[in-house]
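K.L.:
Sequence:
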Amino acid sequence: MTLTLLDLRYNQLGAVGAQYLGDVLQHDRTLTTLNLAVNRIGHVGAQYLADGLRYNNTLITLNLRHNQIGNVGAQHLNNALRCNRTLTTLHLQYNQLGNIGAQYLSNSLRNNTTLTTLHLEANQIGKVGAQHLAGGLRHNATLMTLNLRWNQIGDIGAQYLCDALQHNTTLTTLDLRHNDIGDVGAQHLGDVLQHNITLTTLSIDENPED
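Residue numbers for the sequence shown follow my numbering, so the first one is 1 and each next one is one higher.
Calculated directly from the structure, the hints in this document are not laboratory data.
Fair warning: there could be bad hints in the mix.
Quick list of simulated restraints, FRET-style, between CB atoms [claimed, not checked]:
#1 R9 x Q187: 24 to 32 Å
#2 L5 x R54: 16 to 24 Å
#3 L6 x V72: 38 to 46 Å
#4 A141 x N11: 17 to 25 Å
#5 G182 x D7: 17 to 25 Å
#6 A141 x A186: 36 to 44 Å
#7 G190 x N111: 30 to 38 Å
#8 G182 x T58: 38 to 46 Å
#9 E206 x T61: 21 to 29 Å
#10 S203 x G14: 29 to 37 Å
#11 L3 x A186: 45 to 53 Å
#12 V44 x Q194: 44 to 52 Å
#13 H27 x T61: 17 to 25 Å
Here the structure is a predicted model, which is why all the values come from computation and not from measurement.
Think of the CB as a built atom: it goes at the ideal place given N, C-alpha and C, for glycine as much as any other residue.
Just need the whole structure built from these sequences, with the hints factored in.
P.N.:
Right, here's the structure in full:
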């Protein structure tokens, strides 16, 4: 097979379809982009794909947006990212990851050395999840883009991330739109920008002023 891009969005594949694709990933040597957005694969489907990623060395971009994988699915992906050395872009928007899922992904950030772009929009991560991710960012040296839009991290979550940015030297783009960040969080962000020399794009619009 010479296929490099496979787009299967909105196909109701479910866990069974994900199982077939996981098997493909184990043996495929040409596919670089796989889009499975909105397919209801759940955490079981995420496990099948994670099993495939353990052995795959060609896939660069994986889109699992809106697939109900939850924190259990995040755990499976974390296990795969410990082994995978080619995936650079991962889309996990709208997956009900919560703060526990964020904790698993923070472990990925600590151990993975190839992921450069991570989308976590609308996952109810909250301030606790932001704390977990901040811990991963402190030790990560490859991630360049992190999207945390619509995650209710608040001022406290913003502070955790700012603390991490004092140590992180690779992140260039951070999206914190719609996160209930007020004046206190904005103050922390302003302070860290005086010292961080790598962050070039920070999106904080659509946050409350008070």
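K.L.:
Return the numbers of the hints above that this structure violates; sort them in rising order.
P.N.:
1, 3, 4, 5, 6
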